[in-house]
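J.: Read off the chains here:
Protein chains: 2
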Amino acid sequence: MEKNSVLVIGGGAVGAIAALNLEVGGFATVTLVLRSNYEAVKRDGYTVNSCDHGMLKGWKPTHLRNTIPDLAQETLPPYDYIVLTTKNIPDIPPSSASLIAPAIPDSNTHTTVVLIQNGLNIEKPFIDAYPNTPILSGVSMIGSTETALGVISQEDHDRLLIGAFENPNISTTAGEGKAKEFVKMYSAGGKTECVYSENVKHDRWRKLVYNAALNPICAIVDLDTGRIRLADGGRELVGQAMKEVVEAARKAGVELKESVVGEMIEADPLEVYLKPSMMVDVEKGNFIEFENLIGEPLREGKKLGVAMPTLEVLYLMAKVVQWRVKEKRGMVEIPAKREMGS
Amino acid sequence: MEKNSVLVIGGGAVGAIAALNLEVGGFATVTLVLRSNYEAVKRDGYTVNSCDHGMLKGWKPTHLRNTIPDLAQETLPPYDYIVLTTKNIPDIPPSSASLIAPAIPDSNTHTTVVLIQNGLNIEKPFIDAYPNTPILSGVSMIGSTETALGVISQEDHDRLLIGAFENPNISTTAGEGKAKEFVKMYSAGGKTECVYSENVKHDRWRKLVYNAALNPICAIVDLDTGRIRLADGGRELVGQAMKEVVEAARKAGVELKESVVGEMIEADPLEVYLKPSMMVDVEKGNFIEFENLIGEPLREGKKLGVAMPTLEVLYLMAKVVQWRVKEKRGMVEIPAKREMGS
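Residue numbers (the UniProt record's numbering), protein chains in the order written: chain P, 1 to 342; chain L, 1 to 342.
Don't read these hints as lab results, they were simulated from the structure. Bear in mind the structure is a predicted one, so any value in this text is a computation, not a measurement. A portion of the hints provided could be inaccurate.
As the list claims (entries may be wrong) - No more than 25 Å apart at the CA atoms, straight line, and that leaves these computed lysine-lysine pairs for DSS-like:
no. : chain 1 : residue 1 : chain 2 : residue 2
1   : L       : Lys-3     : L       : Lys-243
2   : L       : Lys-180   : P       : Lys-243
3   : P       : Lys-284   : P       : Lys-251
4   : P       : Lys-184   : P       : Lys-201
5   : L       : Lys-87    : L       : Lys-60
6   : L       : Lys-284   : L       : Lys-42
7   : P       : Lys-257   : P       : Lys-201
8   : L       : Lys-284   : P       : Lys-284
9   : P       : Lys-337   : P       : Lys-124
10  : P       : Lys-302   : L       : Lys-243
11  : P       : Lys-284   : L       : Lys-303
12  : P       : Lys-124   : P       : Lys-42
13  : P       : Lys-243   : L       : Lys-87
14  : P       : Lys-42    : P       : Lys-57
15  : L       : Lys-87    : L       : Lys-337
16  : L       : Lys-303   : L       : Lys-201
17  : P       : Lys-303   : L       : Lys-243
18  : P       : Lys-251   : P       : Lys-302
19  : L       : Lys-42    : L       : Lys-87
20  : L       : Lys-328   : P       : Lys-284
21  : P       : Lys-302   : L       : Lys-87
22  : P       : Lys-328   : P       : Lys-201
23  : P       : Lys-337   : L       : Lys-302
24  : L       : Lys-284   : P       : Lys-328
25  : L       : Lys-284   : L       : Lys-328
26  : L       : Lys-302   : L       : Lys-201
27  : L       : Lys-284   : L       : Lys-302
28  : P       : Lys-201   : P       : Lys-180
29  : P       : Lys-257   : P       : Lys-184
30  : P       : Lys-284   : P       : Lys-302
Stated by the list, open to error - Covered stretches of chain L, going by a simulated chain P footprint (3 or more residues, C-beta under 8 Å):
no. : region
31  : 101-114
32  : 163-176
Using N, Cα and C, we set each Cβ at its ideal position, and we do this for glycine too.
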């Protein structure tokens, strides 16, 4: 395998470990695009305390940037891969698809885009914008967090499922070829478990059982995945939402084992009291990824005739929470307060 | 009308104004039982800034206490009325009914109990414990808050609907008589709007449209009644829950006007950004009154065959929130935290 040029966008907990795995394998030259932690990483490199890689201090990928490369303006050759590890928040512009536009050649067929992001139908805007671009799905089960700018703590092994999204303009064989090449490149360092997956739809729906149910519930009621199991009513609430997702998946052609609900409720060790991503985002005042995590499975399920009343409530509450963040950030104007009776 | 002896339990925002109205009318001698603000009120009296009563400084009712009177031990005559204005939280002992036991004579028929409390079926434990005691329903629409210990700010007029709860052991006429006497006594000062209501069930279900839907939603998503209307998805969420309550009421024999949903969403002036009671309780770390406000209408509706999926989610979430308060107060033990990987 030749060395590939890989543009990784997003250098938080997921992106930094992805960049590290890619470079450690020796088949990739990584350009990593950072935002909030750019200055810190440029100065000191990453501090990575990882169950897969051990303790690294001052690690940097080949290239660091704080802007998306503009191929035309900077007269750069196209990348072989563009890996997106940022949050996917289509309701807050710019969209992920428009974000990478300057780095995608016109009428691209060369560059493969890899979406290591959660949720359903995330590939659709990319297929619309770049019809002949191979798009790969990355479903990550990494237990890593950025504890301070440029400081990554990875407490659970990286497991990454890679497959090709269905794309009417690209043959199944071509997509499969790209996916397998990426897996080889990502796994070459031997530090991680990156596996080719034939059934991207299955991987995504399976993860949604956690991400459309437990994740927003923890964020909304402000309890971690351990406490929600201990709380009166918690398991019932989560189980109810999960069952709706399993039923929607079934109608969408993805048969999940009956045991998946129990497995997903117990996925995080109870005593770790882990806060799932949406809960962390709410605490930090960040926007939440609710459209692809809740909205899309809900819309898909309803279209297929599945009753999803619990997801419906979670979706509306998540929407309200998103508005709350917008208000705190001064992005919506509301009428001035007046005292009662005045 | 003779002067009645009235024991008012709870001297917060609702209880203090009730005690004031009763004494101002001249037909009641009030004994007020306080807890958290007892020392403050005993020392300085109440400071009341009220749209009905004007500005009062140092006001005290005839008697102040910090315990429930024990008729037998203290050899006290029975009260004519016992008015409960405390929160009703049956899932956290002691129950309201057991709380007043020392102040109720054995085999009581003399003392009338008035429950100025929200929710459905709150009279049931009282009828069980004191079968021949007349029990009155008080539905209060007061806009008052205790801004500091003993400092009451009443920004909206007191409107109180009084009627007799259905009780198999007491004739309708007797109940009606007691209710009308109480209305006369409460209204005598002319400062307030206290009205006799024939249809207690109607009053309670009507208020539940607000209290089973808007109240918990605001508490759960942490937005006041103004902001929830402005937030994307807010009106839809609240409307959905309210419609379920209206439908349950209908099946329970209480026909509410179709316009009630809109009226209740708009009940508080938007620009006041009013926090409803459950939201205030969550902010203060208090227990929430969710069993009679959400649990009972939900159980009643389901028994009558009404689909109430939104209320179901609100109920489970409220239960989880209640557990969160218990945990914060050290009332539940949870397994010790351990680090991931250890």
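J.: Hint by hint, where does the structure go against what was stated? Just the numbers, ascending.
T.: 1, 2, 3, 9, 11, 12, 13, 15, 21, 22, 23, 27, 29, 30, 31, 32
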